[in-house]
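Q: Listed here are the chains, written in short residue letters.
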Amino acid sequence: MGDHHPTGFTRWLYTTNHKDIGSMYLWFSFVMFLIGGAMAMVIRAELYQPGLQFVEPNFFNQMTTMHGLIMVFGAVMPSMVGLANWLIPMMIGAPDMALPRMNNWSFWILPFAFFLLLSSLFMEGGAPNFGWTFYAPLSTTFGPPSTDFFILGVHMMGISSIMGAINVIVTVFNMRAPGMTLMKMPLFVWTWLITAFLLIMVMPVLAGTVTMMLTDRHFGTAFFDAAGGGDPVMFQHIFWFFGHPEVYIMILPAFGVVSEIIPTFSRKKLFGYSSMVYATASIALLSFIVWAHHMFAVGMPVAGELFFMIATMLIAVPTGVKVFNWVATMWQGSLTFETPMLFSIAFVILFTIGGFSGVMLAMAPVDFQYHDTYFVVAHFHYVLFPGAIFGTTAAVYYWLPKWAGKMYNETAGKIHFWLSMIFVNLTFFPMHFSGLAGMPRRIPDYNMMFADFNMWASIGAFGLGLTQIYFLVIVLLTLKNGKKAEDKQWEGASGLEWDALPSPAPYHTFSTPPKVD
Amino acid sequence: MAIRRKLIAGIASLLTFVFNGVVQAASDLNMRPGVTETSNEAFNLHMMVVWVMVAISVVVFGAMIYSFIFHRKSKHPTPAKFSHSTLVEMIWTIIPILILIYLTIPAVKLLIKMEDASNPEMSIQVTGSQWKWHYKYLEHDVDFFSNLDRSLTEKDENYLLEVDNALIIPADTKVRFLVTASDVIHSWWVPDLAVKKDAIPGFINETWTSIPAEHAGKTFRGQCTELCGKDHGFMPVVVKVLSKADFKAWLAQKDEERIAAEKAAAEAAAQSWDMEKLMTLGKEVYDAKCGMCHQANGLGLPPAFPALKDSPIALGPVEAHIDIVVNGKSGTGMAAYGPQLTDAELAAVITYERNAWENNTGDKVQPADIQAFKAGN
Amino acid sequence: MNEQMQQQNKKLILRLMAIIGGMFLFAFALIPLYNVFCDITGINGKTRGQALYQNVEIDKKRVVTIEFLTNINRGMPWAFGSKVKSMEVHPGELNEVIFYAKNPSKSEIIGQSVPSVSPGEAALYLNKTECFCFDQQKLMAGEEVEMPMKFYIDADLPEDITRLTLSYQLFNVTDAVNAAKGATK
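Residue numbers (this note's numbering), protein chains in the order written: chain U, 1 to 517; chain B, 1001 to 1377; chain Y, 2001 to 2185.
Think of the hints as simulated: they come from the structure by calculation, not from any bench. These numbers were taken from a predicted model, which means no experiment stands behind them. Do not rely on the hints blindly, as some may be mistaken.
Chain U residues, not near chain Y, derived (Cβ > 10 Å throughout) [to be verified]:
no., residue
1, R11
2, D20
3, V31
4, M39
5, F59
6, K184
7, A222
8, I289
9, I422
10, T467
Derived, one-sided and incomplete: chain U residues facing chain B with beta-carbon distance under 10 Å [as the list claims (entries may be wrong)]:
no., residue
11, R44
12, G126
13, A227
14, P232
15, F296
16, D487
17, K515
18, D517
Heads up, incomplete: computed chain U residues facing chain B, CB under 10 Å, no partners named [as the list claims (entries may be wrong)]:
no., residue
19, W108
20, F112
21, D225
22, R267
23, K268
24, S275
25, I310
26, V321
27, V323
28, V348
29, G438
Ideal placement from N, C-alpha and C gives every residue a C-beta, glycine not left out.
Kindly produce the complete structure, drawing on both the sequences and the hints.
A: Next up, the structure:
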C-alpha cells in the first residue's frame, strides 16, 4: 500500500489514519495549552503585586476557572490521546486504531466543545466563574447564564474522551500483532490501557454530575439544593469521585512515557516491568476510594476522615515503587542526557516532590492548615506541569524523529529544558511558602506578607510561558529543516516502532503484522 | 588571651547572628506554629512529615545523582544486565508502608482530638454569606456582622485582613463554633488556631478552639478559603482574644451599646431628615454595603448585579424600592438589609439610590417611612 | 479487517458501552445511596422523617442539652426563631418547642426549613413526631405563625454525647414551587 491520501483540508477533516489524528490531537492540545497559558499569564500579572491592577475580581475568577478547565480537558487530556493515537498501533504492531471512523469523530468533537466553552467569555455575565471544580450552589443557583454552555461543553469533551478510551481498549485487546502478549506490551501501552478503563469508569460520572446541575438549574430538581432536600456536599462527593481518578488519567500515560525513555538512555532494560504494571493498576484501583481527601473540611465524621486519610496515604506505596524502579533502571546503566532524558529525569524528581506534598496533604489534621491554600496549588502544579506536561514534552522530543523523520536541534532542546526546569521551579516552589504563610487560593488580591513569593512566582510564570513558545519554534524549525533522522535514532531504544519501522514512519504501517518473539 | 577571647566572642556572636537569621528566614517560609495546643501539634506533625520527606529525598535523589555521576556513559560504558529483583522490590514496598504507619499514628490521635468539640464553655454561631461573616453568641444577646475594612490600602500591614467588627472571644475557654452559610459554601479559617471548617448552606458544622490565657489581647487573622464568588478574597476572619474579665466587660459594654443604639435609632426615626443629611449618610452606607456589587457609579455588573442608575426600582414606586432593600430578592444575590441596617440608614441609602447618578427623583425617604413599612405589613 | 475481528470488536464495544451506561446511572444512584448511607451513619447531620412516640422508655438519670439554632437563607425576609434557646431533656421524654415565623414582606411567600444536627451522629437519635420542617409553610403578607415541634431523644444516644444542636435553615422556595406548578399546568 502506498502513501495515497487526500491533501489539503479534506485530508484532515475526513482522515481515519491514526497518525493524522494523533498529530491533530497534539496540535490541538498545544493550541489549548497556549490559550490556557495566556489565562495563567493574566492571573500571574494580577498577582504580581498586592492591589487590583489589571482585572476586576469577577474576571479574575473567570480566568482561574477557564485556565483550569482548558488545561485539564483541553491541553493535558488531548495531548495524551494524541500520543496514544500515534504510538499504540506502532507499539503493538497494529495497522491502525481498531475504530478509525470513531477516532475521527472523537477528535472533531473537541474543537466545537472548546469553541462553546471559550465563547462564554464573550457572553453577557461572562464565562463560568466558579472554579474548575464548579461546586454547587455557586455554580447552580448562583452560576452565570453561560453555565449552560459550560455544561454542554463538558458533555461534548466527555463524549470525546469516552470514545477515545473505547478505541484504545478495543485496539489493545483485539489488534495486537501475533506474539505480542499483554505482558510483553511496552509500559506506555499498559499505562494507557489502565487510563482508558479509568476514563470509561469516571467520565460518565462527570456527565451525570453536569446533567444533574442542568436539571437543578432549569427543571426544578434539587439534587444539590438543601432547600429541596438535596445536599451541596453530595455534589462534592460525586465530583471528586470523578475528580480523583481524573488526576491519574492525566498522569498515568506520562508514567508510561518516562518508562519508555529512561531505559533507552540508560541502555538498560526497565527495572521491575511487572511490578510497574501492578503498581499502575493499584494506583488506578486506589484512586476510586480516596476522593474525600479533597473535602476534609466539609465536616465529615472522624471515622470517614480516618478512612480517606489512610487510603490516600496508601497510594504513596505503589507510587513509590514506580519511582524506585525508575531509579533502579538508571542504576549501573550507561547514561546519556539527551533532551527527552533530561525531561524524564526532571519528571521523576519534580513529580516525587509533588508526591511528597501529596502525602502531607493526605494527613487530615494538618490538611486543615493546607487545604485550599496556595500549598495545594503548588502541589497539583508540581504533579501536572513537571509531571504530565514534562512527560508529554519528553515524548515529543523522543518520538519526533520517528514521527517526522527529522531530528530536532539538540542544543535548542537542552536550552528549552533548562529554561523550563528553572522557571517551573521559580513559578511553583514559592507557592508552597505562600500557602504555608496562609494565602488562600483563588484570590485576586492579597496582603503584603505574601508579596515576595507572588512576585517570584509571577516572574517564573512569565518565563515559563515564553519558554513554551520557544518550544513551538523548535518543533516548527525541526519540521521545516531538521536533519534527517535515523530509523533507530536512539542507540538504546527498543520496541517495534524503532526496530521494525523506518523514520519517518510511513502513512500506513504494519499492514501485515510484524513477528514478535 | 584577650584577643583570643574577643575573637571567640566575635565568632560566637556572628554565629548566633547567622543562626538567628536562618531561623528567622526558615520561619518566614514555614507554617506558623500558632497559639493553641492543637495548632502546635499540627505544626509538629507538619515538621515531622517534612523531615521524613527530606530524608527520603536524600536517599532517592542521592541514588539518582550518584548514577548521573558514576554511571554516565563516559564512565560506565557497559550497562549492567539486571532488570528485576524480587527481594529489593519487596524491601521498597515494605519500608514505605512502615514509614506511613509511623506517620499515621500521631495523625490519627491529633485528628480525633481536633474533632472533639464536646463540653464547650461557650458557643458562637458563625454564618458566612457573600461576602461577610456574621457572629452570634448563643449564650448572650450579642450578634453582629463582620465586614472587610475597605479603608486600608496595599501599604497597610493588615490590608485585606482587617474588619469593622472582629470576633471577640475569651482566652482560656473552650469555645465552640457552629459554622454555616446562608447562600454559597464558604470556609472559616484562622491559621493560628488551626481551625478551618466549611460553612455550608442548610448544614451546621462544629469546630472549636481554646486559646491559652497568655495570648489574651492578641488578634488573629485569617480569610475565607472556599471560592464563594466575586469577593471571595475580601472576606477576612479576624479573631480578637480577651482575658476572661475583659470579655465580661466587653459583653456588658455591648449590651449598653445595643440599648444606646436602639434609643438613637428611635430618636433618628422620630426626626424628619433633610435631603443633604440623607444623601451624606446614604452615600456612606451605599459605599460600604452596596457599592461592591452595584458599583460606586450605580452601573452595577449586569446581569448578576443590575445597574441602579435609571433602573425601574430606583425610579419606580418608593414602596417597592423599600421592599427590595429591606427584604431582599430570592434567587439573586440581593440580601435582606432590614436586619443589618438601622431605619435611618435604610432611609438614607434608599434616598441616595433614588437621587444619585442623575436618578433625581427628588424623593426623600424618612426613617419613619421605613418604620411604617415594617409595621404596616 | 476480517469479519471475525469485527465481531470481536463489536462484542467488546458493547461491553464497554454497558460499563459506560452503568457508570452514568451510577452517578445518579449515588444520590439515594449517599442518603441511605447518611441515614445509617448520620454523616451529614440530616434528621429523619416523622417518628412515632410509642412505648418509649424514659431515662430519668441522664440529662441531655439540646440547643436550637435558626438561620435564614439569602433572599428570605421572614423573621424566624425558637421561643427557647435550649432545653435540658431526659432521653425518651417527649418534648415540645415552639418556633415562630413572620412574613414582613408585601407578598405571599413559601418557606421550607431544613434541619441539621451537630454532632452528625446525634441525628440518628433525634426523633421528631411533629415538625414544620416536614412541610412547606405558606405565609401571606404580614402573617405570623407559631409552629410547634415535638421530639424525643432516643435512649440509645451514645454516652459521650451530652449536648446536641438542632439547626433550622429557612429557605425561600416560592419561585421553585411556582415554577413547578407552572410546569405541571
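Q: So, for every hint listed, does it hold in this structure?
A: Each hint tested on the structure:
no.: 1; hint: R11; verdict: holds, 22 Å
no.: 2; hint: D20; verdict: holds, 18 Å
no.: 3; hint: V31; verdict: holds, 28 Å
no.: 4; hint: M39; verdict: holds, 29 Å
no.: 5; hint: F59; verdict: holds, 23 Å
no.: 6; hint: K184; verdict: holds, 20 Å
no.: 7; hint: A222; verdict: violated, 8 Å
no.: 8; hint: I289; verdict: holds, 14 Å
no.: 9; hint: I422; verdict: holds, 42 Å
no.: 10; hint: T467; verdict: holds, 39 Å
no.: 11; hint: R44; verdict: violated, 15 Å
no.: 12; hint: G126; verdict: holds, 9 Å
no.: 13; hint: A227; verdict: holds, 7 Å
no.: 14; hint: P232; verdict: holds, 6 Å
no.: 15; hint: F296; verdict: holds, 9 Å
no.: 16; hint: D487; verdict: violated, 21 Å
no.: 17; hint: K515; verdict: violated, 23 Å
no.: 18; hint: D517; verdict: violated, 18 Å
no.: 19; hint: W108; verdict: violated, 33 Å
no.: 20; hint: F112; verdict: violated, 26 Å
no.: 21; hint: D225; verdict: holds, 8 Å
no.: 22; hint: R267; verdict: holds, 4 Å
no.: 23; hint: K268; verdict: holds, 4 Å
no.: 24; hint: S275; verdict: holds, 5 Å
no.: 25; hint: I310; verdict: holds, 6 Å
no.: 26; hint: V321; verdict: holds, 6 Å
no.: 27; hint: V323; verdict: holds, 7 Å
no.: 28; hint: V348; verdict: holds, 7 Å
no.: 29; hint: G438; verdict: holds, 4 Å
Consistency with the previously given hints fails for numbers 7, 11, 16, 17, 18, 19 and 20, ordered from lowest to highest.
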